[in-house]
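Number of protein chains: 2
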Amino acid sequence: MIVDCHGHYTTAPQALWDWREAQVAGKKPDAPRISDDEIRESIEKNQLKLQKDRGYDITFFSPRAGSMEHHVGDARISAEWSRVCNELIHRVCTLYPASFAPVCQLPQSPGVEPAACIAELERCVEEMGFIACNLNPDPSGGYWKDKPLTDRWWYPLYEKLVELDVPAMVHVSSSCNPAFHFTGAHYINADTTAFMQFLTSDLFRDFPTLKFVIPHGGGAVPYHWGRYRGIAQDLKRPPLTELLLKNVFFDTCVYHQAGIDLLLKVIPADNILFASEMVGAVRGIDPETGHYYDDTKRYIDNSSLSAADKEKIFSRNARRVYTRWKPA
Amino acid sequence: MIVDCHGHYTTAPQALWDWREAQVAGKKPDAPRISDDEIRESIEKNQLKLQKDRGYDITFFSPRAGSMEHHVGDARISAEWSRVCNELIHRVCTLYPASFAPVCQLPQSPGVEPAACIAELERCVEEMGFIACNLNPDPSGGYWKDKPLTDRWWYPLYEKLVELDVPAMVHVSSSCNPAFHFTGAHYINADTTAFMQFLTSDLFRDFPTLKFVIPHGGGAVPYHWGRYRGIAQDLKRPPLTELLLKNVFFDTCVYHQAGIDLLLKVIPADNILFASEMVGAVRGIDPETGHYYDDTKRYIDNSSLSAADKEKIFSRNARRVYTRWKPA
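Chains as they are written, first to last, in this note's numbering: chain R, 1 to 328; chain Y, 1 to 328.
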């Protein structure tokens, strides 16, 4: 079984984006009108087709990350938008329960306590069967004005994540800072930043069962694994395996063979979760291979990893990390 | 010949740091008093010893990056501090002309036009024989408030760099943003960010001979080389080799064999410059190898690269990029 733990509803019907535009313009629109047929059309021609073409079985599916836009409007705007997006994800997963499992967006807002997200998290998990959430380490959208993920500011939300046994993918949204291209810089930087925050803290002593997935292959971390091992050593921290690897997992959204080979070489197979993020940041076909850049299964298939380790990455680890996921 | 293009004077005598403290406290101190013997002591026990132990011949040597602190004080403070630091580098390189070649810090300041750095750059290059400079893409120290490196805001400085034929290493300083650990997150993020700024702009059409060195192995870029090739393709940009690789070079400050192997595999040898950044971000010995993490020459020696490509990385490319450097 092939489980893609990282997919966003980037192809949602236009009515969703129109609703968002009206909301941000202050027009207080009624709930977006989207028929089941429109959802089917948007999914069957895109994610579901690609799943079949590529041999992926199921995608853990969340609202478009770039559109979470926690920096736009206030907490009320964010709460409303999160509810709309999460309910649409719920509909997709109800229509295709074997192919998609729901992951929610949180109604974060810059400077607002993360505890304010608990109600929506509970609603999604307990009432609609969501299995995980995306957690934005920078609700300010590229200015990094909120506290590090290791600050007690976040603890009430972590207590709820632990209680519900729900993992969080650390995922920023779009950048309103002109310094950062969103998918090319902000996403990757955020992954690296979160890892380094974890490295310098005792967060996982306080929350031994809290689980984070760092997407995009862990940002720069595996490439600089020696740097991180060395910095931890200089700081008199425990070895990374002991300090972090019971709680932190990396996905495989790395879009070339050499990158995946590095990831598989330096990070233990127990800490890697298969993912492609399709349809996402890179949509073209690599002229060097003739295949989609983001068809990451090919790179893992082509790697020299053992069959047992491949199975861990493709599905076994997902069962362990996403404990609320019950294959249909 | 082994040329380390990236070293900072992290071991400068205490009088320098005392002077800085007094300066920041508004005490208007006289020039720091540092004897030649103090300089010799600080260099011979550290960088010079390590050069000899490791078989490096020369280091391109600049003030401590984390201490540039462009975000501290105003433009006048930054100008004064840059002059003090650069003059000390000049003294080191005058004492050891065969072992160190000087690279200057620029007197940047948040919100101040980069053109204000031209006088100090000219003084360093024309009067003191400096061969390159470090350029901070985020003088705000982790809040990224200044314009991207591709904005015309920077053009007067680039015109001078081109006129003097001096390359710039893109290097941030310390972070005053608690989200970012400086050597573990801010440095690496800045490298990735700068590359992505270059990718989305036509800067090198305007400055076909401008040369940037992106340190720390290019941040996350080589690990995500497929992502960057794919994003460029989606954005209808030219292939990266054509768009950037006449102007952008990566150093080898990657502190483990697997990371260096990836770098050497995906980036053309013509675009890689040997560097270790010693004595720098990681100072310990890797228990997995028994050698210093930052003894990067070992990783390149151990790689499967051809002797001709190794020679490019160790010295030939440095001669081409740092044209003002004349080996003693």
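The reader is advised that the hints may include incorrect statements.
Repeated chains share a single entry, so a pair holds when one copy, or any two copies, can fit it.
Said to hold, decoys possible - Derived DSBU-like pairs: lysine-lysine, alpha-carbon spacing no greater than 35 Å straight-line:
(1) LYS28 x LYS236
(2) LYS49 x LYS147
(3) LYS297 x LYS45
(4) LYS265 x LYS49
Source of the hints: derived by calculation from the structure; they are not laboratory data.
Hints and how they fare:
Taking the closest pair of Cα atoms, LYS28 and LYS236 never come within 35 Å of each other, the shortest separation being 53 Å inside a single copy and 37 Å across copies. Proximity of LYS49 to LYS147 under the C-alpha cut-off of 35 Å is found in neither arrangement, the shortest distances being 40 Å within a copy and 41 Å between copies. Proximity of LYS297 and LYS45 under a CA criterion of 35 Å is satisfied intra-copy only: 20 Å inside one chain copy versus 50 Å between copies. Taking the shortest Cα distances, LYS265 and LYS49 sit within 35 Å of each other both inside one copy (31 Å) and across copies (33 Å).
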